[in-house]
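So the protein lines, in turn, are chains P and Z. Letter by letter, the first sequence follows residues 327 to 569 of this note's numbering. Letter by letter, the second sequence follows residues 327 to 569 of this note's numbering.
Worth flagging that the hints you see were computed from the coordinates, not collected in a lab. These figures come from a predicted structure and were not determined experimentally. Heads up, some of the hints might be wrong.
You can't tell identical chains apart in this list, so a pair holds if it fits in one copy or across any two.
[Stated by the list, open to error] Listed below are the simulated DSSO-like cross-link pairs for lysine-lysine, each with C-alpha atoms no more than 30 Å apart in a straight line:
hint, residue 1, residue 2
1, Lys532, Lys329
2, Lys371, Lys528
3, Lys532, Lys361
4, Lys361, Lys528
5, Lys528, Lys380
6, Lys361, Lys336
7, Lys493, Lys339
Protein chains: 2
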Amino acid sequence: MEKITSLQNKKVKEWCALHQKKQRDLTNQYLVEGKHLLQEAIKAKALECVLYVKENPFPDYPSYEVSQEVLNKVSMRQSDGDVIGICRRLEHQPTSNKRLLLLDEIQDPGNLGTLIRSAVSFQFDGIYLSEGCCDVYNEKVIQSTQGAFFHIPIVRMSLIDAIISLKKEGVKVIGTSLQESLPMKQLERYDKMAFLLGNEGKGVSKELLTLTDQNVRIEMAGFESLNVAVAGGILMYQYQEES
Amino acid sequence: MEKITSLQNKKVKEWCALHQKKQRDLTNQYLVEGKHLLQEAIKAKALECVLYVKENPFPDYPSYEVSQEVLNKVSMRQSDGDVIGICRRLEHQPTSNKRLLLLDEIQDPGNLGTLIRSAVSFQFDGIYLSEGCCDVYNEKVIQSTQGAFFHIPIVRMSLIDAIISLKKEGVKVIGTSLQESLPMKQLERYDKMAFLLGNEGKGVSKELLTLTDQNVRIEMAGFESLNVAVAGGILMYQYQEES
Numbered sequence: 327m328e329k330i331t332s333l334q335n336k337k338v339k340e341w342c343a344l345h346q347k348k349q350r351d352l353t354n355q356y357l358v359e360g361k362h363l364l365q366e367a368i369k370a371k372a373l374e375c376v377l378y379v380k381e382n383p384f385p386d387y388p389s390y391e392v393s394q395e396v397l398n399k400v401s402m403r404q405s406d407g408d409v410i411g412i413c414r415r416l417e418h419q420p421t422s423n424k425r426l427l428l429l430d431e432i433q434d435p436g437n438l439g440t441l442i443r444s445a446v447s448f449q450f451d452g453i454y455l456s457e458g459c460c461d462v463y464n465e466k467v468i469q470s471t472q473g474a475f476f477h478i479p480i481v482r483m484s485l486i487d488a489i490i491s492l493k494k495e496g497v498k499v500i501g502t503s504l505q506e507s508l509p510m511k512q513l514e515r516y517d518k519m520a521f522l523l524g525n526e527g528k529g530v531s532k533e534l535l536t537l538t539d540q541n542v543r544i545e546m547a548g549f550e551s552l553n554v555a556v557a558g559g560i561l562m563y564q565y566q567e568e569s
Numbered sequence: 327m328e329k330i331t332s333l334q335n336k337k338v339k340e341w342c343a344l345h346q347k348k349q350r351d352l353t354n355q356y357l358v359e360g361k362h363l364l365q366e367a368i369k370a371k372a373l374e375c376v377l378y379v380k381e382n383p384f385p386d387y388p389s390y391e392v393s394q395e396v397l398n399k400v401s402m403r404q405s406d407g408d409v410i411g412i413c414r415r416l417e418h419q420p421t422s423n424k425r426l427l428l429l430d431e432i433q434d435p436g437n438l439g440t441l442i443r444s445a446v447s448f449q450f451d452g453i454y455l456s457e458g459c460c461d462v463y464n465e466k467v468i469q470s471t472q473g474a475f476f477h478i479p480i481v482r483m484s485l486i487d488a489i490i491s492l493k494k495e496g497v498k499v500i501g502t503s504l505q506e507s508l509p510m511k512q513l514e515r516y517d518k519m520a521f522l523l524g525n526e527g528k529g530v531s532k533e534l535l536t537l538t539d540q541n542v543r544i545e546m547a548g549f550e551s552l553n554v555a556v557a558g559g560i561l562m563y564q565y566q567e568e569s
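So here's chain P without its partners, still in its complex pose (with noise of 0.2 Å):
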């Protein structure tokens, strides 16, 4: 195939136009950049087809040789990048509810892969993400998980039916506030627990608060004030299951 050098070219829009949320909602499909992140989503038969400067990295998928003009104007990033893929949203449902994690309008995409990143890490089965949370197909997200993305269900629908159907299902759903709530410490460990964290600035909506079993909050000595993604990793870590 001739190598694609033009930034009028109808597929170099498309793929532009996949910067936007609107156009990964309608095509299915979403960018992820340099071979580290599509290797992930080779793992995770994601991966459609790749864009490269000069050598593909992976020959076995349909693949556009374009110029570094091209990539760079499809490129999210301020410097020369090599390789571009274009993924398809495969989403699956949590097969374990032991440990959860349930975010509750997660404005920041960088918060967004962090708090995915140590998901992962902790071993955690999955994650509820409100409507009201960034895309998780934003590629600030997907860069931030470090590749962790391809690796845990992340489901999007209403909280609120989220946690009545999971304390059906026996899982301790505990909130994060820090009014009314148990220092964190106290929190004993079960065996299913989903842990719910909220809007950078405004915190957990009441509303869901009120649904919770347990509400609790990080000790702090100092400045009552801590980062989402922070937050959300103390407690992942503190209650992931034990080995």
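With the hints as your guide, set chain Z onto chain P.
Relative to the frame of chain P, chain Z by itself:
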């Protein structure tokens, strides 16, 4: 004073130059944005002057009324802001060394800001940054600290010198490393502790790891990778001074 409306104004050019580390180093000044951060800067006696559009929230300080266009030019944000402060650098030495953070070549401003925020939340006494860490006066760093920036002494110096000198003062220096390290839960508490965290890609440099009293790893059931700000948050939470 007359309202500044021209992007060519000499003052506007000077303020914009503060986006560059070189200029910040030269003038000893830096920018902060938004009412909350300016209030924190005032408490820390760091605010020198105010740029505002329409209403001045801090009329007791030297102020410049500017057009929205000028403010946006000086701002690092995408959306319209309303107030920016020019601050003066004030370096303080930690006055206690019971709990310290040592940061080796942290590159990402968001990670550095989040680590500073957690350190203040867990009432750490100070932070030492290696020469290779990103500039702490970078606006993204200050933004990510959510105001905590002004509440903790931060010193940039050789970490080799810092570790040698802290050990002489009886501070236990704890490195972080996945290799040849103790699981964190086996680490004792000491009266004086300093925690050493490293670069996002490479971790703590080998040379520094040989100088520590002990190296630890955060136990993970799954994928062995955590964001450095999450790892730092877990350590600081666990070993904060008990009140």
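Verification of the supplied hints:
Taking CA atoms no more than 30 Å apart as the test, Lys532 paired with Lys329 passes in neither setting, with 55 Å inside one copy and 44 Å between copies. Taking CA atoms no more than 30 Å apart as the test, Lys371 paired with Lys528 passes between copies only; the shortest distance there is 29 Å, against 37 Å inside one copy. Within a single copy, Lys532 and Lys361 get their C-alpha atoms only as close as 42 Å, which misses the 30 Å cut-off; across copies the closest is 27 Å, which meets it. Taking the shortest Cα distances, Lys361 and Lys528 sit within 30 Å of each other only across copies (18 Å), while inside one copy they are farther apart (37 Å).
Taking CA atoms no more than 30 Å apart as the test, Lys528 paired with Lys380 passes between copies only; the shortest distance there is 28 Å, against 47 Å inside one copy. Within a single copy, Lys361 and Lys336 get their C-alpha atoms as close as 25 Å, which meets the 30 Å cut-off; across copies the closest is 46 Å, which misses it. In this assembly of identical chains, Lys493 and Lys339 lie within 30 Å of each other by CA distance neither inside one copy nor across copies; the values are 46 Å within and 59 Å between.
Hint check: violations occur at hints 1 and 7; the rest are consistent with the structure.
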